[in-house]
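**Q** In case you want the letters, here they are:
Number of protein chains: 2
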Amino acid sequence: MTRFAQGLNAAGVLSAQRIAASLDGIESSVRDAMIYATEGGKGLRAFLVLESARLHGIGPGDAAPAAAAIEAMHAYSLVHDDLPCMDDDDLRRGRATVHRKWDEPTAVLAGDALQTLAFELVVTAGCTDAARLQLVTTLAQASGVRGMVGGQALDIAAETASPPLSLDQIITLQAGKTGALIEWAATVGPRMDEADSGALGHYARALGLAFQIADDILDIEGDAATVGKAVGKDASAGKATFVSLLGLEGAKKRARTLVDDACDVLSPYGTEAETLREAAQFVIARKS
Amino acid sequence: MTRFAQGLNAAGVLSAQRIAASLDGIESSVRDAMIYATEGGKGLRAFLVLESARLHGIGPGDAAPAAAAIEAMHAYSLVHDDLPCMDDDDLRRGRATVHRKWDEPTAVLAGDALQTLAFELVVTAGCTDAARLQLVTTLAQASGVRGMVGGQALDIAAETASPPLSLDQIITLQAGKTGALIEWAATVGPRMDEADSGALGHYARALGLAFQIADDILDIEGDAATVGKAVGKDASAGKATFVSLLGLEGAKKRARTLVDDACDVLSPYGTEAETLREAAQFVIARKS
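Listed in order, the protein sequences are those of chains A and B.
Note that full-length UniProt numbering numbers the first sequence so that position 165 is 165, with each residue one more than the last.
Note that full-length UniProt numbering numbers the second sequence so that position 238 is 238, with each residue one more than the last.
By construction, these hints were calculated from the structure, which means they are not laboratory data.
Remember, predicted model here, so these are calculated numbers, not experimental data.
Even for Gly, the Cβ is constructed at its ideal location relative to N, Cα and C.
Incorrect hints may have been included.
Said to hold, decoys possible - Pair by pair, the computed Cβ-Cβ distance ranges are:
no. : chain 1 : residue 1 : chain 2 : residue 2 : range
1   : A       : T257      : B       : A237      : 55 to 63 Å
2   : A       : E194      : B       : P60       : 49 to 57 Å
3   : A       : D260      : B       : A195      : 52 to 60 Å
Stated by the list, open to error - Stretch by stretch, here's where chain B covers chain A in the computed footprint (C-beta under 8 Å, at least three residues):
no. : segment
4   : 5-18
5   : 53-60
6   : 129-138
7   : 178-187
Throw the hints in and build the complete structure from the sequences for me.
**A** Okay, here's the thing in structure tokens:
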């Protein structure tokens, strides 16, 4: 395994364990569903937290609460996104979605409580009080109606949009729906360090956009068993995607350019940032 | 109007305005639904924040972010609680519920974003960084799977519980579902002041329980037009309530005793706490 693959795996496991430990002693299906929803993810966001922290001299012990927080936040968004009234998905990370394994009320409440847990965890990051407050504020901004939820709202509106969304509109949608949490994760290090987050922010925006383009490509080229969720839905629904707007080859080329850009912008961190460069390569090479 | 009624009205209006102002410049149905969901409430939780702050020498300008935060958190819980897969209610605060006025995806996202907004607001309270972090931590604890959501999960399980819940179980359920946010609101003052929150915590627990008993009484004695939401649902569903367990007169007596207790425990604050005592009286006298 590459350093990147090892780090990704470790970050995902660490975050899931941290979340499970924080729910110790509770007996309820909501608690079980919360843990289930945080298992089996790629751990990309947790990895970005730990790597950006490492680049700023912050160890995994101090950064782990922020890594677990962003994975809890991400998991909540997936649980609610999969609900029958939203995307109505049966499969997530290769397993039954929460509302299929339990029921809809459990999925609503587990998602709600995962968001709460994200804030409960992030305030325990190992940094100054001022930096902790910055983490809370920026996490809320990235997750709320100006960030992730705003992107989800645009995504729902896009399903019935006529004409379909333009490229600029899709980029805005993506910057909210998936980009905001990825950018938050990749800038945790400088935020905890109370340092400039410009380079990592730039890296994350390019990475996030490449990630979504790769998702649209997987929706065309992947099979559900490997991807771990339903595929072909966007295309069959006639939704505008990066592939429908740029063509398959055009989308791949755009993703490639974004990844090159993401790698270049990390030059201030030198070879120390090699693992983050590997992460950017992974984002467009992944099969799931 | 009594001092209490004036204060309640002002706190509710102040919080709704603050929430609306924080969403300025966004154009989406989710944003409109968020504002709609925070309008027309009693403002009890915001009032408890402002009054507990006043008792600790903290002005409304410094406490207002915490007041708006708790009203946003409360509104999110109502929007999700009203969803078809949860209580499936059409009426809330005398108006159509969010999923009836808009649709289910908008209600899910508006609730999600209201929770996020609560955390975004609370970190701007006018106190030390350490006190702000305490507000975030305790708000998360009060709202999550050990607090409000935990109580909601018990409430759902109670619908099919056989035998019906005991009095102790109902009290535990209520302490989570409605008690936790009420207690948080009433202890904001000492938390911002980094002072002992014992007396106000005791007051709030008695108040919260009396509030829920009064709700169960309203479910029997009230009419939907006055109460502003459906009534008689619990009784017709055969759910255990304070009224089914204590009888109508027993429930009224218990609520009365709790209110007396809540008033007594405020003695350290002397006559300054008169408005909070009026609030306790209101809780069992209210018609909606």
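**Q** Run every hint past the structure and note whether it holds.
**A** Verification of the supplied hints:
no. : hint                        : in the structure
1   : A:T257 / B:A237: 55 to 63 Å : holds, 59 Å
2   : A:E194 / B:P60: 49 to 57 Å  : violated, 31 Å
3   : A:D260 / B:A195: 52 to 60 Å : holds, 56 Å
4   : 5-18                        : violated (count 0)
5   : 53-60                       : violated (count 0)
6   : 129-138                     : holds (count 6)
7   : 178-187                     : violated (count 0)
When each numbered hint is compared with the structure, violations occur for hints 2, 4, 5, 7.
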